[in-house]
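Protein chains in written order, with the UniProt record's numbering: chain A, 1 to 563; chain B, 1 to 308.
To be clear, the hints were calculated from the coordinates, so they are not data collected in a lab.
Mixed in with the good hints there might be a few duds.
[Stated by the list, open to error] Straight line, CA to CA, 30 Å or less: simulated DSSO-like cross-link-like pairs of lysine-lysine: (1) A:238 / A:330; (2) B:212 / A:210; (3) A:405 / A:330; (4) A:134 / A:147; (5) A:211 / B:72; (6) A:182 / A:330.
[Said to hold, decoys possible] Not close to chain B: a few residues of chain A, all C-beta gaps over 10 Å, as computed: (7) 76; (8) 126; (9) 143; (10) 147; (11) 214; (12) 233; (13) 268; (14) 378; (15) 516; (16) 523; (17) 541.
It should be emphasised that the depicted structure is a prediction, and the values quoted were computed from it without experimental measurement.
No residue lacks a Cβ here, since even glycine has one placed at the ideal position from N, Cα and C.
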Amino acid sequence: MKNRYSFRRTATVLIALALALSACATNNTANNTSNNAAANTGSGAAAAGDTKETAADDTAAAQGGELSYALATSPDSLDPHRSGLAVAVRVIRTIYDSLVVQLPDNSIKPWLATSWTVSEDGKSYTFKLREDVKFHDGTPFNAEAVKYNFDRILDSATKAANAAALLAPYQSSEVIDEYTVKLNLATPSRAFLGNLSQALLGIVSPTAAKKDGDQFGQHPVGTGPYKFVSWQENAEIKVARNESYAWAPEIVKNTGAPYLDGIAFKIVPEEATRIGSVQSGQVLAGETVPPQNIVALKSDPNFQLLSANTVGLPYTLFFNLERAPWNDAKARQAVKYAVDVDAIVKTLYLGTYDRAWSPLTPGTFGYDATLENSVKPDIEKANALLDELGWTKGADGIREKDGKKLTLQYVDATPNREKRNDIAVIIQQQLKAIGIAVNVEITKDVRTVVFTNGAYDLYGNSQVNSDPNALYAFYHTYDPKGRASLSRLSDPAIDKLLEQGLVEPDDTKRAEIYKEIQHYIVDQAIVLPIYVFPYTVAAAKSVEGIVFDSLGYPLFNDATVKP
Amino acid sequence: MARLLAGRVLSSALVILGSLVLVFAILYVLPGDPTDTILDPAVATPEMVANLRAQLGVDQPFHIQFIRYFEKMIQGDFGQSLVTSEPVLDKIVEHFPATIALTVASSLVSVTVGLVLGVLSAVHRNRLIDIVARIIGLFGISMPTFWSGILLIVLFSLQLGWFPAMGSNGWRTLVLPAITLGIVGAGFIVRMVRSSMLDIIDEQFIVTLRSKGLTERAIMYRHALRNALIPAVTMIGMIVGEMLAGTVVIETVFSRQGIGRIISDALMAKDLPVVQGVIFFSAIVYVAVNLLVDLSYSVIDPRVRRST
Numbered sequence: 001m002k003n004r005y006s007f008r009r010t011a012t013v014l015i016a017l018a019l020a021l022s023a024c025a026t027n028n029t030a031n032n033t034s035n036n037a038a039a040n041t042g043s044g045a046a047a048a049g050d051t052k053e054t055a056a057d058d059t060a061a062a063q064g065g066e067l068s069y070a071l072a073t074s075p076d077s078l079d080p081h082r083s084g085l086a087v088a089v090r091v092i093r094t095i096y097d098s099l100v101v102q103l104p105d106n107s108i109k110p111w112l113a114t115s116w117t118v119s120e121d122g123k124s125y126t127f128k129l130r131e132d133v134k135f136h137d138g139t140p141f142n143a144e145a146v147k148y149n150f151d152r153i154l155d156s157a158t159k160a161a162n163a164a165a166l167l168a169p170y171q172s173s174e175v176i177d178e179y180t181v182k183l184n185l186a187t188p189s190r191a192f193l194g195n196l197s198q199a200l201l202g203i204v205s206p207t208a209a210k211k212d213g214d215q216f217g218q219h220p221v222g223t224g225p226y227k228f229v230s231w232q233e234n235a236e237i238k239v240a241r242n243e244s245y246a247w248a249p250e251i252v253k254n255t256g257a258p259y260l261d262g263i264a265f266k267i268v269p270e271e272a273t274r275i276g277s278v279q280s281g282q283v284l285a286g287e288t289v290p291p292q293n294i295v296a297l298k299s300d301p302n303f304q305l306l307s308a309n310t311v312g313l314p315y316t317l318f319f320n321l322e323r324a325p326w327n328d329a330k331a332r333q334a335v336k337y338a339v340d341v342d343a344i345v346k347t348l349y350l351g352t353y354d355r356a357w358s359p360l361t362p363g364t365f366g367y368d369a370t371l372e373n374s375v376k377p378d379i380e381k382a383n384a385l386l387d388e389l390g391w392t393k394g395a396d397g398i399r400e401k402d403g404k405k406l407t408l409q410y411v412d413a414t415p416n417r418e419k420r421n422d423i424a425v426i427i428q429q430q431l432k433a434i435g436i437a438v439n440v441e442i443t444k445d446v447r448t449v450v451f452t453n454g455a456y457d458l459y460g461n462s463q464v465n466s467d468p469n470a471l472y473a474f475y476h477t478y479d480p481k482g483r484a485s486l487s488r489l490s491d492p493a494i495d496k497l498l499e500q501g502l503v504e505p506d507d508t509k510r511a512e513i514y515k516e517i518q519h520y521i522v523d524q525a526i527v528l529p530i531y532v533f534p535y536t537v538a539a540a541k542s543v544e545g546i547v548f549d550s551l552g553y554p555l556f557n558d559a560t561v562k563p
Numbered sequence: 001m002a003r004l005l006a007g008r009v010l011s012s013a014l015v016i017l018g019s020l021v022l023v024f025a026i027l028y029v030l031p032g033d034p035t036d037t038i039l040d041p042a043v044a045t046p047e048m049v050a051n052l053r054a055q056l057g058v059d060q061p062f063h064i065q066f067i068r069y070f071e072k073m074i075q076g077d078f079g080q081s082l083v084t085s086e087p088v089l090d091k092i093v094e095h096f097p098a099t100i101a102l103t104v105a106s107s108l109v110s111v112t113v114g115l116v117l118g119v120l121s122a123v124h125r126n127r128l129i130d131i132v133a134r135i136i137g138l139f140g141i142s143m144p145t146f147w148s149g150i151l152l153i154v155l156f157s158l159q160l161g162w163f164p165a166m167g168s169n170g171w172r173t174l175v176l177p178a179i180t181l182g183i184v185g186a187g188f189i190v191r192m193v194r195s196s197m198l199d200i201i202d203e204q205f206i207v208t209l210r211s212k213g214l215t216e217r218a219i220m221y222r223h224a225l226r227n228a229l230i231p232a233v234t235m236i237g238m239i240v241g242e243m244l245a246g247t248v249v250i251e252t253v254f255s256r257q258g259i260g261r262i263i264s265d266a267l268m269a270k271d272l273p274v275v276q277g278v279i280f281f282s283a284i285v286y287v288a289v290n291l292l293v294d295l296s297y298s299v300i301d302p303r304v305r306r307s308t
């Protein structure tokens, strides 16, 4: 009896010990790294400030320090030619430069290219390149490197997606001399220069890209203001100052190396944690602030809210013009007058998002500000339009014609990004008032439902873009062999305008063309523009100098952290 | 004993293989494919999609895809992530330690809290401590972790600043997630230990022991507890599985590295090789823990040892 007790006791103790020990083992090793990490984040600014004390005296701005910046999701790849996620672009922009830069007024200025000429037919661009630029790995930047980059995007082995679409209609490059390169296009495109300014067409180091092949996205090398240091997946991406950087674009003030020692991009998906960590000082800045926090942060003296509206197409609901009865402009206009967009934007985003009025966002070239406040909700007018079309209200309050009910198939994607599913529900309620039965379908498989089957009357989409030519893919008559456009609009007059807009060399004339297109789209109620998405950053007061590029991506060349 | 072990190992291998086939089949029938993630649907042309599908091999029929995968897997090649091209094995090696640390820590919380509260509440049946323990148990079982996790973050990290709200480097980052996840298992163990203790206390041999003049303490801790431990240990095996699954939510809430994050991202992106790889290793861990649990019965309870 006694013996068995002691055996059992030993066994129990042993099991407990084994568990405890294994836990301790992981704890101990982890502990060491934690001390280092704590030094980097918590007191990072102060510690780094000490070592840089002498250097700081030379410049007016506070030199040194590390900026911790919380991202909402994890980048997929840091290879600009392969990534397609906006969150990746925020990091990519720190590592890579582009040939040109687009300023907020939509003018194109030099960056890695010092000057360029466009041929008479608009089909070839000759760039003179900077001669003092080196990639982070020491590879010199030259015409060969540019040629390699653009050919790499065309190469199917790269699996380029969005970059390939941006680069179209690029065909080939010719190296004229070491610092002159000529890019040939298949057809002229006024959107081309703007696209070249985008981070996804950033220039990668040919040496590194050849060496790492498929893995280049985990070991990115560019010419940008920051060098890649490390990437702990789902946790943190670190970049450090590129000391020899001296080719900043005009959009930032600091022409030399950045002031910060580095940036630690932390990946913090949980909204409450991300914003809470900024408020508790665990990180200095955090992106994508939910509307309720925006309101609170704006009134908090200890924090600042940075915000930049994204540019291109706002969040827009597209009618499928091939489906009756919505192929009739009057039916669509009835919906336009019945939907109270202001109420939607105020209810869901608490006034922190701007309402969209046009198929283009403010800030996009050719945006027509006269469209603002051009539409007011008018239930009577909406009802009158539907009466006119012969739809009469049945016993259940839903309109009918020839025994058919007036229904609208509203498709939206899950997950509920930016509360878009809630917009669907509000519109369902609003349209019930004029006798339209809205069937809301939330699907994960947008590609099949919307793009392949076209099984929607209304579907929402937005696009960040540097040029109004973005409208082309959405409103030009589509190639019956290719994929349908979202609106499925087919109007020869609009096709002609879109084609002119793509090539028109004169800016004033070009802007007029796009104004005409915008008016047509709004008058004919081809779409319902809903909101302009603002990129928002909550930051401690000690953070200064973060600026946003023309597309709303943050730039950290001028950023400083007060110790 | 050796035969028992051999049988267990064999059936474990079958379980792992079964899980592989099942997951492969489920992912195959789900709508959409990885090109949805890689290509922006507003930009990609049908040719681009078709080319990419062919490159990734997702245009092949089910059995071809599975055989291709299996052939490589048994050679130790788990393939590459379809999204990032990173070898799946590298990903798992990078992320598994953090998940294991969290699983072990939260299991430890479960077992310690669960056993202590379970025993106390049985010994002091219907007293205050029993009621408190039962409430804690109920809380643990019924509170969703994404909510309790945020509550802990708000109180202990954002307000008091005792522990960091995010990260997976160091024991301090382990405390809050381990409590959040551990309290769930603790809830189950409290109930299990309490009810089995109460059953045993009512049994004849306890009366016999009392009549022999043993102290109440000795009866409870030496006799009742040891007998109540068997169902609790079975529970632990299941709880480890529960903890592994729970990491999917916890790792997101606490911004930790780990396979939970990897697999939820991979599922969203339909990144098949990654999902398969993670399931494979998780299945191994789960099966191994349950194997250990089975074997531990014979250590705790000699009756099991004699009967086999």
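| request: Against the earlier hints, flag every one the structure doesn't satisfy and list their numbers going up. | output: As far as the earlier hints go, 1, 2, 6, 7, 11, 12 and 13 are violated by this structure, in ascending order.
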